[in-house]
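Q: Going down the list, the sequences are from chains G and L. Counting along the first sequence from 1, when you hit position 103 you're at 103 in my numbering, and nothing is skipped either side. Counting along the second sequence from 1, when you hit position 110 you're at 110 in my numbering, and nothing is skipped either side.
Hint data in this document are derived by calculation from the structure and do not stem from the laboratory. Please read these numbers as outputs of a predicted model, since none were measured by experiment. Watch out, some of these pointers could steer you wrong.
Unchecked claim - DSSO-like mimics (lysine-lysine), calculated; alpha carbons at most 27 Å apart, straight line:
#: 1; chain 1: L; residue 1: K257; chain 2: G; residue 2: K260
#: 2; chain 1: G; residue 1: K16; chain 2: L; residue 2: K108
#: 3; chain 1: L; residue 1: K36; chain 2: G; residue 2: K260
#: 4; chain 1: L; residue 1: K36; chain 2: L; residue 2: K20
#: 5; chain 1: L; residue 1: K223; chain 2: G; residue 2: K260
#: 6; chain 1: L; residue 1: K108; chain 2: G; residue 2: K108
#: 7; chain 1: G; residue 1: K260; chain 2: L; residue 2: K150
#: 8; chain 1: L; residue 1: K209; chain 2: L; residue 2: K257
#: 9; chain 1: G; residue 1: K16; chain 2: L; residue 2: K150
#: 10; chain 1: G; residue 1: K108; chain 2: G; residue 2: K16
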Amino acid sequence: MNLRLTLQLFTMEIRKVFAYRVDFWLSFVVATLAQFCVAFFLWKSIFTYKAVDTIGNFTFPALMFYYLLAPVLGRTIYSGNHGDIAMEIYQGSLTRYIIYPVSFFRYKLLVHCANATVLLVQLLAVITVAVVLFPSLTGSYAVTPFTILLGTVTTLAATVLYFIFSAWIQLIAFWADQIWSLSAIIRFITSLLGGSLLPLSLFPESIQPLLTWLPFSYFVHFPLQCFLGNIHPDMWYKGMCVMAGWAAVFTIIYACIWHKGNHQYTGVGI
Amino acid sequence: MTEPIITVADLSKSFTVHRKEAGFISSVKSLFYRKKTVIQALADVSLSIGKGEIVGLIGANGAGKTTLVKILSGIIHPDSGSVKVLGHNPWHRRNSFRSNISLIMGQKAQLWWDLPAADCFLLLREIYRIPHYAYAERLAFLAETLDVGKQLNVQIRRLSLGERMKMELIAALLHNPGVVFLDEPTIGLDLTAQKAIRSFILNYRDQHKPAMIITSHYMEDIKSLCERIIIIRKGGIVYDGSLSHIVSDHTPNKLIKVRVGDTPDDLDFSAVLPPELGGFTDREDKNIEFTVPRDAAAEAATRLLCALPIEDLTISEPDISTVIESIIKEGR
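Construct all of the structure, not just a fragment, from the sequences and the given hints.
A: Shown next as C-alpha cells:
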C-alpha cells in the first residue's frame with residue numbers, strides 16, 4: 001500500500017468520524033463521564049464500606065485516575081471494531097476488497113488505526129485536563145511528557161496488536177457466518193485480563209507472572225502503565241518484544257485462516 | 001470475434017447448502033444435525049469473449065449466471081476448469097488483474113456510504129494509482145456525461161437510487177478497466193435513468209472497447225446493449241450466440257396478423273390455409289392471427305390475400321422476450 005493511498009485512507013476514515021459530530025461528542029464526553037461515574041460510585045462505596053485508604057497499591061484518587069483513563073484507552077485500542085471484519089464476510093461486503101487492488105488486511109488495519117488516532121487524541125485531551133485541572137488525581141503517578149510520549153507509542157502498538165488478534169478470530173465467520181457471541185466472549189476476556197475492568201495488580205499475585213506473557217495485558221494494562229509512569233525502559237523493551245512476538249503469531253494464524261477461508265467465501269448478496 | 005479477453009473451459013462449481021425444515025422442532029434439531037445438499041451451480045461451462053464485446057448473461061434466478069460472474073471476477077474459486085481473464089487466473093487476485101477489471105452491482109453499494117462521492121473517488125484514485133491529470137479528465141468526462149456534476153459533494157447515502165448508480169458507474173470506470181462486469185445495472189431505476197445508463201454504457205464501450213458482461217432481468221437492457229447473449233440454465237449454457245439470430249435459430253414459425261373486411265363468423269380457416277402452411281391461432285373480431293412455418297410465410301401470405309378480403313397484413317417474428325423465456329424455461 002503506497003504512502004499516498006495510506007494517507008488518503010487514513011484521512012478518509014477520520015473524515016467519516018467527523019461526519020457525525022453528535023455521535024463524536026457523545027462517544028467522547030458522555031461515554032467517558034458515564035464510565036467514570038460508574039467506577040467512582042462503585043469504588044467510593046467499597047472504600048467507605050471497608051474503611052481503608054488504599055486497596056492494593058491504589059489510593060482512591062489514584063484508582064479514579066486509572067478508571068478515568070482505562071475506558072478511554074480501551075476504546076482507543078478497540079477503535080469501534082466490534083466485529084467489522086466478520087460482518088463484511090457475513091454480508092458479502094468483502095467482495096469490494098477482493099475486487100479492488102488492495103490488501104484487505106492492510107486496508108482494515110489502516111482503518112482501525114485511523115479510528116484509534118481520533119480516540120488517542122481524546123485520550124491525550126483527558127490526560128491533559130486531568131493533569132492540569134485535577135492534580136489531586138494524578139498526584140501518586142509520575143505523569144510527565146516523556147511518559148505520555150511512551151504511552152502514546154505503546155498505545156499505537158497495542159492498537160495494531162489488538163487488530164491482528166481480533167482479525168483472525170473474526171475470520172471464523174467464513175465458516176460460522178455469525179460470530180457475535182464469540183466476539184462478545186473474547187471482548188469480555190480481553191477487558192478482564194487486559195486491565196479495562198480491573199487493574200491487573202488487584203489480581204492474585206500467583207497469576208500475575210502468567211498475565212505478562214499473555215497478549216491480553218498488552219491491550220490496555222501495559223500502555224496505561226506507560227502513561228502512568230510505572231514502566232521502566234527495560235520493562236518497556238521486554239513488553240514491546242512480547243507484543244511483537246504475539247503480533248507475529250497472530251499474523252501467521254491470520255494468513256493461514258484467510259487462505260483457507262477464501263475458498264469458503266461465496267460472496268453473498270450479489 | 002476480436003482477440004479473446006475472457007476464455008473459460010469446462011468450468012464447474014458446486015455449493016454445499018444446509019437445509020432446515022420449517023418449525024420449532026426442526027430448529028432445535030438443527031442445533032445438532034443439519035442436512036447438507038450439494039447444488040451444482042455451474043457444470044462444464046465454456047465460452048470466450050472478445051475485446052469490445054457486450055455479452056448479456058441471461059437465466060432464471062439460481063441458473064448460475066452470478067456464480068459465473070463471481071468466478072470471472074475472482075470473488076470465488078471454481079471446483080474445476082480453467083479461466084483466463086486478461087491473461088490472468090482471476091482467483092489468484094494479482095493486483096495487475098484487479099487493477100484492470102471492475103464489477104458494478106446494482107443491488108449492492110460499493111461506495112462508502114458516509115462519504116461524498118468526490119471523497120470516494122479520491123480514494124479510488126489512489127487505490128488504482130490513476131495519474132492526477134488523467135483522473136481529473138476522466139472524472140469530469142464521466143460526471144458530465146452522466147449529469148451528476150452537482151451531486152459529487154453529496155454524501156452517498158443521501159443520493160437517489162439513480163444518482164447512486166451513476167456514481168457507482170463512475171467509480172467502476174475511473175481506472176479504464178479492460179473488463180467490466182455489470183450485475184443488474186438498472187435495477188430499481190426509473191425509465192429515464194435506465195435509458196441514460198444504457199446509452200452511457202454503449203458510448204463507453206465504443207470509446208474504450210472493454211469486454212463487458214451484463215446480467216439483467218430487464219429484457220430492455222439486453223436488447224439495447226447486447227449483440228450477443230449467453231443463456232444459462234441449470235448451470236449449463238443452452239444458447240450462446242447473436243441476439244438477432246436467436247429468434248430465427250429457435251423458432252420455426254412466424255406470425256401473420258391480418259385485418260379482414262366482412263367475413264362470416266364461422267369461416268373455416270383450414271380451408272383458406274391448409275395445415276402444412278400453418279394454422280389459425282386466434283381471432284378477435286376482424287383481427288386474425290396465423291402461425292406459419294418460417295419458410296412458408298410468403299406463400300401463406302399470398303394465399304390469405306387471395307382468399308380473404310384483407311384490409312391489412314403483417315408478418316412478424318415471435319417476441320424475442322417470449323423466445324428467450326421459452327429457452328430459459330425449457331432449454332430449447
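Q: Run every hint past the structure and note whether it holds.
A: Cross-check of the supplied hints:
no. : hint               : verdict
1   : L:K257 with G:K260 : 61 Å, violated
2   : G:K16 with L:K108  : 20 Å, holds
3   : L:K36 with G:K260  : 20 Å, holds
4   : L:K36 with L:K20   : 9 Å, holds
5   : L:K223 with G:K260 : 41 Å, violated
6   : L:K108 with G:K108 : 20 Å, holds
7   : G:K260 with L:K150 : 45 Å, violated
8   : L:K209 with L:K257 : 41 Å, violated
9   : G:K16 with L:K150  : 21 Å, holds
10  : G:K108 with G:K16  : 14 Å, holds
Taken one by one, the earlier hints fail for this structure at numbers 1, 5, 7, 8, listed in ascending order.
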